[in-house]
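Protein sequences, first through last, are from chains A and B. Under the numbering used here, the first residue of the first sequence is numbered 41, with each subsequent residue one higher. Under the numbering used here, the first residue of the second sequence is numbered -16, with each subsequent residue one higher.
No wet-lab data here; the hints were simulated from the structure. Please note that a few of the clues may not be correct.
Stated by the list, open to error - Listing some non-contacts, in silico: residues in chain B with all C-beta distances to chain A over 12 Å:
{"id": "1", "residue": "Ala82"}
{"id": "2", "residue": "Glu92"}
{"id": "3", "residue": "Ala108"}
{"id": "4", "residue": "Asp111"}
To be verified - DEER-style ranges, computed between Cβ atoms:
{"id": "5", "chain 1": "B", "residue 1": "Glu79", "chain 2": "A", "residue 2": "Glu52", "range": "48 to 54 Å"}
{"id": "6", "chain 1": "B", "residue 1": "Gln112", "chain 2": "A", "residue 2": "Thr144", "range": "52 to 58 Å"}
{"id": "7", "chain 1": "B", "residue 1": "Gln44", "chain 2": "A", "residue 2": "Asn292", "range": "47 to 53 Å"}
{"id": "8", "chain 1": "B", "residue 1": "Asp21", "chain 2": "A", "residue 2": "Gly129", "range": "55 to 61 Å"}
Ideal Cβ positions, reconstructed from N, Cα and C, are used throughout, including at glycine.
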Amino acid sequence: MPSLKDLKNRIESVKSTRKITKAMQMVAAAKLRRAQEAAEMARPYAEKMNDVMGGLAASVGDAEGAPKLLSGTGSDQIHLLVVMTSERGLCGGFNSSIVRLARTKAQTLLAEGKSLKILTVGKKGREQLKRDYEDQMIAHIDLSDVKRIGYANAADIASDVLGRFDGEEFDVATIFYNRFESVIAQVPTEQQVIPAVFEASEDEGGTLYDYEPSEEAVLEDLLPRGVATQIFTALLENAASEQGARMTAMDNATRNAGEMIDKLTIEFNRSRQAVITNELIEIISGAEAL
Amino acid sequence: MADMMQFDLVSPERRLASVEASAVQIPGADGDMTAMADHAPTITTLRPGVVTADAASGPMQFAVTGGFADVSGPATTILAERAVPLDEVTADWIGELIAEAEAKRDAAEGPAADLATKQVADLMALRDQASV
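In isolation and in its complexed conformation, chain A is listed as follows (with noise of 0.2 Å):
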């Protein structure tokens, strides 16, 4: 049985900690709202981009010289999985499951006989999976310095991948994060990126476009943008559901904490309530042998 200092330094080192879950809960808060901000304003970017790259890629389609962004490279040998995670943790399940997605996938893909390599984005992803794949893992790319995502981030994680992709340094690539559901639901995501896939728009088809200076020449162009866009969407999908699972997290760890600070409390009164009954005990007791 803890005496009741101790019970006391317990509670006060639990409300403490309820103090810092609360206002992590609050700044994810915050921070969500921002991200989910900047995930809306990139969101006709990128749907506008779809759109065109969905049609010019259905009427270039599989034509001789299609661009190997587009058509791939004629073999399926190596995959490239780039693995997005977070810099920080405390943030649930978050980190896990894009993890978790990504592992089932790698040994999907080395029990095909398939061989592997991995970029991973945000140190926490690498954490994890350097235990199984160390050998694997050809880069890392570090976002703990930058405070707000910017498509230049994008950009540059574009090009690192398009520049392994001109060097035939694999054929497939892959990306993983979590979609932004709600707040309590983050969806992780797997989304090829090279070769493009696009979802094929209905409208398209219709209209007959011209292109300057010409249809290959602006898909030419337009292909390592929609790489771009497409990582670029990711990003902040993941840094939405980042602050939404850290959110959920932190809520349930004040809940968690508020419940234990309930349970001490009755311990201690408790404890002390039997001290004063001892006391009075002895007390009577001394009181009668007289």
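We have chain A; now place chain B onto it with these hints.
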């Protein structure tokens, strides 16, 4: 009054303009063009330059560094890589871009170097236009 069309200018990070405009001047990769309502559907890539829109509320000017424009009958949409209202362009911002492009030019060879040289020239022209 000329027919109006919808004009949108978006960069990856935000939407800069969404207005009704009667004409939009676009710095296309193959030369400037002006899009008006009911223009033939065209997609063109952009060179660094100034986009001018004759909006109902007055002319609007933006410096863009690249990207592409989607011109169709009822609407013109410009997806710019980077875009800034022309009067917010600073000498630092454009100087940085020029330095970046020059570094790329010096590293490139063959046809890529020609493209990079053009990029530098376009950026310098943009700087003159912005008069910073």
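Hints, verified against the model:
Chain A leaves Ala82/B outside its interface by the beta-carbon criterion, the shortest separation being 15 Å against a cut-off of 12 Å. At roughly 15 Å, the least C-beta separation between Glu92/B and chain A is larger than 12 Å, which holds for a residue marked as non-interface. At roughly 19 Å from the closest C-beta of chain A, the C-beta of Ala108/B stays outside 12 Å, upholding its exclusion from the interface. Residue-level check passed: Asp111/B sits 24 Å from the nearest beta carbon of chain A, beyond 12 Å.
For Glu79/B and Glu52/A, the Cβ-Cβ distance of about 52 Å falls inside the hinted range of 48 to 54 Å, so the restraint holds. In this structure the supplied range 52 to 58 Å holds for Gln112/B paired with Thr144/A, their Cβ-Cβ distance being about 53 Å. Restraint check, Gln44/B to Asn292/A: a C-beta distance of roughly 51 Å satisfies the suggested window 47 to 53 Å. Under the hint 55 to 61 Å, the C-beta atoms of Asp21/B and Gly129/A, about 56 Å apart, fit the expected range.
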